[in-house]
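Now for the letters of each chain:
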Amino acid sequence: MPIQVLLVEDSPGDVRLTREAFRDINAAVQLHVVSDGVEAMAFLRHEGAYPNAPRPDLTLLDLNLPKMDGREVLACIKADDTLKTIPTVVLTTSDAEADVAKSYRLQANCYLTKPPKYEDFAALLKSVNDFWLTRVMLPQPRASA
Amino acid sequence: MKTIDEKDTSINVLLVEDSPGDVRLTQEAFREANLSVRLHVASDGVEAMAFLRHQGDHVDAPRPDLALLDLNMPKMDGRQVLAQIKADDVLKTIPTVILTTSASDEDIAKCYQLQANCYLTKPVQLDAFDNLVKSVNDFWLAKARLPNRQAE
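If you read the sequences in order, they're chains Y and X. Counting in my numbering, the first sequence runs from 57 upward without gaps. Counting in my numbering, the second sequence runs from 597 upward without gaps.
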């Protein structure tokens with residue numbers, strides 16, 4: 057059973073690292089990548105280029121994105137009755153307390169700061185996989201609204 | 597009265613759990629995994645809310661860094677506690693992890709609708725239970741960024 061993970065990330069380097077990490081760690085993960093907040097919402101709403109996008113089992117959301125930033129995406133997701141049950145994990149370079157506080161206020165399921173070193177970043181993704189994709193009971197996918 | 601400016605590096609975890617056996621297992625798991633954890637236990641939903649609101653016996657209760665919440669409890673169940681936490685502007689930023697025997701799709705769906713941060717089903721086997729609590733420690737208390745102690 058494939059696990060659908062949506063990665064909302066504008067840095068091509070981080071996208072690549074994430075793809076490689078999941079490829080090594082969990083072959084069941086199908087990673088979908090969008091590189092700005094507008095694309096993220098289109099994917100989630102099955103609009104524009106994404107009429108058949110699968111509903112993510114988990115979303116990894118960067119904060120600093122072009123067009124619509126991750127804070128806005130998070131607010132939109134959590135204000136939407138259909139989307140708000142998708143576990144949304146903020147994964148960002150920002151370590152600012154204000155960003156952490158705001159994300160939890162907006163009901164991010166959790167907040168992770170990307171470590172600068174590759175090995176540590178890969179280890180963090182492994183722990184995301186181990187916790188969220190093997191231990192956590194994720195909500196069952198719902199029929200598209 | 598709290599001492600002002602005392603640097604407190606302990607991590608406060610609130611366990612809302614009515615089964616004494618599960619309380620003990622959880623205490624032991626945290627004791628082995630993380631000496632910084634101070635585990636506070638409430639054995640029903642009413643006590644949990646009193647703890648969180650600093651009422652009754654819990655006037656000086658610390659704000660939890662993480663809450664582990666059982667669902668099926670006397671007086672007020674975990675679903676109601678979750679709903680109250682997430683409806684409260686001050687409390688809703690406390691990461692709240694459901695930790696229950698229930699594996700029902702209905703309970704899982706409901707808890708995510710109520711904005712539980714995540715949902716875990718307790719394994720029956722002791723070793724597996726211990727392992728699960730340790731994974732909570734490893735992810736939430738060592739990897740995740742938690743909101744600052746001070747309520748805004």
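Heads up, some of the hints might be wrong.
Said to hold, decoys possible - Some chain Y residues close to chain X (C-beta under 7 Å, calculated; not the full set):
#  : residue
1  : M57
2  : R79
3  : S91
4  : V156
5  : A157
6  : Y160
7  : Q163
8  : Y167
9  : T169
10 : K170
11 : Y174
12 : A178
13 : S183
14 : Q196
Unchecked claim - Part of the chain Y face toward chain X, derived, beta carbon under 10 Å:
#  : residue
15 : H102
16 : E103
17 : Y106
18 : P107
19 : N108
20 : K140
21 : I142
22 : D151
23 : R161
The hints are simulated quantities; they were obtained by calculation from the structure and are not laboratory data. Every residue gets a Cβ at the ideal spot worked out from N, C-alpha and C, and that includes glycine.
Hint check:
1. With 7 Å as the threshold, the beta carbon of Y/M57 stays out of range of chain X, its nearest partner Cβ sitting at about 15 Å, so the hint is violated.
2. Checking Y/R79 against chain X by beta carbon gives a least distance of about 21 Å; that is not within 7 Å, so the hint is violated.
3. The restraint placing Y/S91 at the interface with chain X is violated, with a minimum CB-CB distance near 23 Å, outside the 7 Å limit.
4. Given hint, Y/V156 at the interface with chain X, holds; its Cβ is 5 Å from that chain's nearest Cβ, closer than 7 Å.
5. Taken as an interface hint, Y/A157 checks out: its beta carbon lies about 5 Å from the nearest beta carbon of chain X, inside 7 Å.
6. Contact between Y/Y160 and chain X, as hinted, is supported at the beta carbon level, the nearest pair being about 4 Å apart and thus within 7 Å.
7. Because the closest C-beta pair between Y/Q163 and chain X is about 5 Å apart, less than 7 Å, the hint holds.
8. Proximity of Y/Y167 to chain X holds as hinted, the smallest CB-CB distance being about 5 Å (cut-off 7 Å).
9. With its C-beta approaching chain X no nearer than about 5 Å, Y/T169 sits inside the 7 Å limit, and its interface hint holds.
10. Checking Y/K170 against chain X: minimum C-beta separation of about 11 Å lies over 7 Å; hint violated.
11. Evaluation of the Y/Y174 hint against chain X yields a violated restraint, the C-beta minimum of about 16 Å exceeding 7 Å.
12. With its C-beta approaching chain X no nearer than about 13 Å, Y/A178 sits outside the 7 Å limit, and its interface hint is violated.
13. Hint status for Y/S183 relative to chain X: holds, with the closest Cβ pair at about 5 Å, below 7 Å.
14. For Y/Q196, the shortest C-beta to C-beta distance to chain X is roughly 5 Å, which falls under 7 Å, so the interface hint holds.
15. Taking 10 Å as the C-beta cut-off, the interface hint given for Y/H102 is violated, the closest approach to chain X being about 20 Å.
16. Interface hint at Y/E103: violated, since its Cβ lies 23 Å from the closest Cβ of chain X, which is beyond the 10 Å cut-off.
17. Restraint check, Y/Y106 versus chain X: the minimum CB separation of about 22 Å is more than 10 Å; hint violated.
18. Hint status for Y/P107: violated, given a least beta-carbon distance of 25 Å to chain X, over 10 Å.
19. For the restraint placing Y/N108 at the interface with chain X, the shortest Cβ-Cβ distance is roughly 23 Å, beyond the 10 Å limit, so the hint is violated.
20. The beta carbon of Y/K140 is positioned within 10 Å of a beta carbon in chain X (closest approach about 7 Å), and the interface hint is therefore held.
21. At a threshold of 10 Å, the smallest CB-CB gap from Y/I142 to chain X is about 8 Å, leaving the interface hint in force.
22. Taken as an interface hint, Y/D151 checks out: its beta carbon lies about 7 Å from the nearest beta carbon of chain X, inside 10 Å.
23. About 6 Å separates the beta-carbon of Y/R161 from the nearest beta-carbon of chain X, less than 10 Å, and the hint is met.
Going through the hint list in order, the structure does not satisfy hints 1, 2, 3, 10, 11, 12, 15, 16, 17, 18 and 19.
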